[in-house]
Amino acid sequence: MSGADKNASGRRKRNNIMIGLVLFGFVGLVFAITIAKMASGPTDVANSQRISTVQGQTQ
Amino acid sequence: MTDTSVIKAGYEADFGDYVTLLKPRVMSLVVFTALVGLLVAPISVNPVIGFASILFIAIGGGASGALNMWWDADIDAVMKRTQDRPIPAGRVSGNNAMIFGLWLSVIAVLMLGLTANYLAAGLLAFTIFFYAVIYTMWLKRATPQNIVIGGAAGAFPPMIGWAVATGSIGIESILMFALIFMWTPPHFWALALFMNQDYTKAGVPMLTVTHGRRATRNHIIVYTVALVPVAIAVAFTSIGGPLYFATSVALNAMFLKGAYDIWQRDEDQAEADKYDTERKVFRVSLYYLFGHFAVLLVEATAKGFGLNWAAWPQWI
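Residue numbers (our numbering), protein chains in the order written: chain U, 6 to 64; chain F, -10 to 305.
So here's chain U without its partners, still in its complex pose (with noise of 0.2 Å):
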């Protein structure tokens, strides 16, 4: 393999590393929000069903 063959291979490999890292902080990513959202539901059913209950009263 030539010096610069092995530059470019060298080069190739860094930006798989790169790409292959963002790809999975991504997947990271998409799970936290997940996780997130699902421990916010209920607050956002509970807060849901009291401006509901609210309304029914004020009606």
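No lab work stands behind these hints: they were computed from the structure.
Using N, Cα and C, we set each Cβ at its ideal position, and we do this for glycine too.
Incorrect hints may appear among the rest.
[As the list claims (entries may be wrong)] Straight-line C-alpha distance at most 30 Å; calculated DSS-like pairs for lysine-lysine:
1) F/Lys190 to F/Lys12
2) F/Lys292 to U/Lys42
3) F/Lys246 to F/Lys263
4) U/Lys18 to F/Lys12
5) F/Lys269 to F/Lys69
6) F/Lys12 to F/Lys129
[What the hints assert, rightly or not] If we take Cβ atoms under 7 Å as the criterion, some of the chain U residues that face chain F in the derived model are:
7) Asn20
8) Met23
9) Leu34
10) Ala37
11) Ile38
12) Ala41
13) Ser45
Since chain U is already given, all that's left is putting chain F on it; use the hints.
Showing chain F alone in chain U's frame:
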């Protein structure tokens, strides 16, 4: 726009070349102002949702930067400041940059909609459209008022940040938008005064090219004076306070002094010191914007610790 789909023979684009397409320096301003918009809002956000939202806003901003670089590759190749960008330098093909920008735009808008809310996502989509289509494809090459109207694109991030937290648009977010919108023309005209040759060479109708430097100096002082009440008005909203007011008065005094210095100079004086004053005012304008948004964060933090400035008027 010309065909810029040629890349250097045998060259393989680096990961870094694609990062450069996202205009990281512009992105840092987008992130900072959007973060302030998010943090000063009266409703707190789950840290994960907040972090992800800011990331998607940054990606959306970067995507519009990539689309801008794709469309403007022909003028970037002419201007000294931009000729080393990935497309004119032949490291990334124009076509790849366009596809990259479009995909990132779609991903950023969809993900922001799913993560935060569809108002924030809609505002992000409009911002990308405004920057890539209205500003880059139309205004930039058509009118010397390009940055006056185009400045709106850079003014949206705090409004998006606010929308992420509140799901609405308040007077506070409109004023933050107005602050950046009014700040943009004098900021870019100060730059155009000492970068005029580049714009002339590229045929971009900046005010300095179409109306000359004297007219640009006049415009800078008029727009800076008009900026002052907008900046100070923020002090009298729910996100302002005495700290913001004092800082804003000081920063506006500095910017006004700089605009006055620029206005009273003629070309002989500017040539003699190689546009030293114009360069200084350009730097001051950066501190000006950063200072205003930083002190909004300080006010929000102070209020978080219970410092409510009960006697401070909230007229707006």
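Against which earlier hints does the structure fall short, listed by number upward? none
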